[in-house]
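**Student:** The primary structure of each chain is shown beneath.
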Amino acid sequence: MLAFWISAAGLSAAAGALVLRSAAKSRLVVAPERDAQRRQLLEIERLAGQGLLDEAERQGARTEAARRLLASADHVEAWPSEGAGPRRIALLTAALAPIAALATYVAIGSPGMPDQPYAGRVAEWRATDPATLDPPRIAAVLASIAAERPTDPEPLKHLALARAASGDLPGAEQALRRAVRLAPGRVDLWTALGEVFVSEAQGEVGPDARLAFGEALKIDPAAPSPRYYLARSRIADGDVAGGLADWRALAADLPSDDQGREPLMREIATVEKAGGLPAPVAQPGETEQVQGMIAGMVEGLATRLKTAPDDPDGWVRLVRAYAVMGETAKLAAALAEASARFSGEPKVLAALRQAAQTPPQPKTGQQDGARP
Amino acid sequence: MIIELGAFALILALVFSVLQTGLSAVGGARRSAVLAGAGRGAALATFLCVAVTFAALVHAFVTSDFSVANVAANSHTAKPMLFKVAGAWGSHEGSMLLWCLVLTGYGAAMAVFGASLPPRLRAYAVAVQGALGIMFLAYTVFASNPMIRLVDPPVEGRSLNPLLQDWALAVHPPFLYAGYVGFSVVYSLAMGALIEGRVDAAWARWVRPWTLAAWSLLTIGITLGAFWAYYELGWGGWWFWDPVENASFMPWLIGAALLHSAIVLEKRGALPGWTVFLGLAAFTFSMLGAFLVRSGVLTSVHAFAVDPTRGVLLLMMMGVAAGSGFLLFALRAPSLNSGGLFAPVSRESAIVLNNIVLSTATATVLLGTLYPLIREAIDGEAVSVGPPFFNLTFTPVMLLALAILPAGPLLAWKRGDAGAVMRRLWVALAAAAVLGLVTYGLIVPRKALASAGVALGFWLIGGALAELAERVKLLRVPLAQTWRRATGLPRGAWGTTLAHAGMGVFVLGASFETAWRVEQAQALSLGQSFRLGAYSLTLQDVGTVEGPNYLAERGKVAIVDQAGRLVCAARPERRFYPTGGQTTSEVHICPKGLDDLYIVLGERRAGEGGKPAWLVRAYVNPWVRLIFLGPLLMALGGAISLSDRRIRLGVGRRASETAA
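Protein chains in written order, with our numbering: chain D, 1 to 372; chain G, 1 to 660.
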């Protein structure tokens, strides 16, 4: 804060000094116009001397310029010499200007608000207990760790999870693409990449996902998740019997206490009954999981604010989250409650209004279908 | 601390611009050298403060400080550094700050370099420049402040439109604004002269360097914009008669007219009223451009966010500046000396004709730009005015101006001899006609109008060279004497030749490219080919690449000529920017002499047998390089003219002249 006031004073002094210096150095310039006309006459003679103007042109131009030189003599400006008055005015205005600027700044600016460079904020989050951070902040911390360890796929894997939890599926995909380049022999990374592709395609196992799951199976032919999704894609492509056979084989290979076994058996029964995948896709895919996680986090924040409501940042985050999710009723309620609570704090109110105007985002996975 | 210092400095700049206007105006009116000097000092102080704010904003972008709302809305940590910096002027708020920086920079330049101006004219001009500063700075501080902070900054920014993340667009706005706002100096000098009631040859001499600088910078700015549109938008075109393009083109046309009329005023003392009118109009059109882009009345790739409130404010500012200027002009115009007389065939007449044509062309562009807006405002009907309108109205008018252009510089002042001029130009005319006929005969498909355009281009280049040959008496005196004359020629003469020839180069390129462009689009699976004119294209591979803030599919397209030689291994990309979920095409351009082979990779789709296929669009754009080279030659001509000792103010005078 002190640095700001010193800098502001220094800038004001420098600006004021420019005014005073220029006023002190001012002197009368006598007849610059005649000077200009005289230069033009000389230029005509120079060009004629080099043979670039013929005699007729020279005569005409010279007559013209000479006539203007004479005319300019009528316009010589005589400025009177001055007393101390104008200098006092200059000094007074130069001194008052910073005061007026300061008064306006205090009224409309954010005095005392520090700079918040991204690197500094990330360092702050890194020093914080991760349990208190939301997924976007965790993702920011992991991105900085991944940048520090460019050959280690592990932070990238966690980064992808955090980004997926933040609803940033393309970011998760980007992190996993880097991870599989660093460790192409890791089945978990290929599997995670395939699952992100599936989430982005809203449950559909597209060509990119098949490629990723295929790579995973090359490394570990028994990997359950790739087997599940590839079988699912066979069913989606019309090979219901083949897909179901693959699923049954998978179910047989899963340990009896595996949590995924029961839902898989239910899904096999559903497909057997329907003769194909039900539409819309009944798969409890990543998209729903991720959105469920986000909704859970937002509701967690809402609950926390009920017990500890004196948290303006928290309310702003909640209002923005409802705006992004398109939860208009909850948005209105949260905005009304927070506005009432912080009615005496215009900056918080402004932040709340701004957060409420955040446009709703499409559900994760609803990206441009034509993207690479 | 830095951000808040920038916020404070912006307000300080506003206060000092008030001082600049007040002290300079009172200094001029009372003939007080001290107050006028203090006003000039305030102009420097204003510029210093805006520069501090601008530096603070750039710092916020570079450090990704998302507590600044403008950074949060227009930047992202993954963005490459160049585009982080350019993001500072990529938004409405940031670009208004850039506008203010340039405006106050010109004000400071007037304060420093205006020593040769009459003191009162200088004081009034600095005051008017300060008044413009008050308007734009007040608008920036109170309605469009780029330094607004967020109480709860987001973790990440929303990033800049990927189309704007491009080197040409990073440098396009600074050049464009340097041009647009450069006309503010001409406006201020015109207002100063009208307040004083004197517009004469000396005034024209003072106005010319500013006009030349502004026009040359605007030429570069527009060319960069056209080049960006050409290779970034992936449509293969370079000018779309988009309203925002037109908004930059109108001050350019008026600036070109002003450049020529100022010469008449300087050399012959004629056209004072008209020249002042053009001086006012040039900046008015610049402000119209600012209004159109920012008001939300237009939907364009260039337009900033829709915001009617800001639009109304900008319209009011334009109304105040233009209204006061033209009102003063109306009051003073009858008393302005009409200046020297000239015969119907003379260089003055040629320039008057040039001015009439350029003004008519400007009016045509204005009509085509504003008509849809007016219709929509009156009856709510959305109409579109596109290239067909401009081709039928603007093009014929400009053709007339270009056809007479080579004759103008060869005509004598006051009374010219048309027969003598034609005797000097007949070789250029005959050569242009022959080349036009050769083009018509040789290039298939035969196109008469385009061939005439080619002839016109050669006529302009030949005419410019003929005028130069006439000046140095080429082949009429010994070569040594010609060389001496050439080295003794004023730089302004070289600049004129270059600018006029540059126009010819542009016309050649535009005629050729528009008429004989070859275009082909087809969905290709890997290994498939199609023909494009004399070339054959094969999509060999498509892979995925990862950029700093995008994922891309990159194609490998082999282009071979009729002899089977590989002429280009193109790598067009289709990029996906996760932030914002936008997709862009990264065109691959293979230059082939003056031509471009232009390859675009489109979206992936299902091809034959379910195999993936990609839409590949390709163009052969013949002589397209001339379209961008021509305007750059014009700008270079302007820069060379600007370096002419006769045009520079208060610098470069010879000792003998100063002593005289």
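Simulated from the structure, these hints should not be mistaken for lab results. Just so you know, these numbers come straight off a predicted model, no measurement behind them. Don't take every hint at face value.
Said to hold, decoys possible - Quick list of in silico lysine to any residue cross-link-like pairs, SDA-like style, CA-CA up to 25 angstroms: (1) G:K473 to D:K218; (2) G:K473 to D:P207; (3) G:K556 to D:P207; (4) D:K218 to G:K611; (5) G:K414 to D:D237; (6) G:K447 to G:L468.
Stated by the list, open to error - Listed next, the stretches of chain D that the computed footprint assigns to chain G, with coverage defined by at least 3 CB atoms under 8 angstroms from CB atoms of chain G: (7) 232-243; (8) 264-270.
All residues carry an ideal CB built from backbone N, CA and C; glycine is no exception.
**Student:** Run every hint past the structure and note whether it holds.
**Tutor:** How the hints compare with the structure:
1. G:K473 to D:K218: violated, 82 angstroms
2. G:K473 to D:P207: Not OK: K473 of chain G and P207 of chain D at ~73 angstroms, beyond 25 angstroms, violated.
3. G:K556 to D:P207: The given pair, whose Cα atoms are some 20 angstroms apart, holds under the 25 angstroms limit.
4. D:K218 to G:K611: holds, 23 angstroms
5. G:K414 to D:D237: Given pair K414 of chain G, D237 of chain D is violated - Cα atoms ~86 angstroms apart, limit 25 angstroms.
6. G:K447 to G:L468: violated, 32 angstroms
7. 232-243: It is violated, with 0 qualifying residues against the three required.
8. 264-270: violated (count 0)
Going through the hint list in order, the structure does not satisfy hints 1, 2, 5, 6, 7 and 8.
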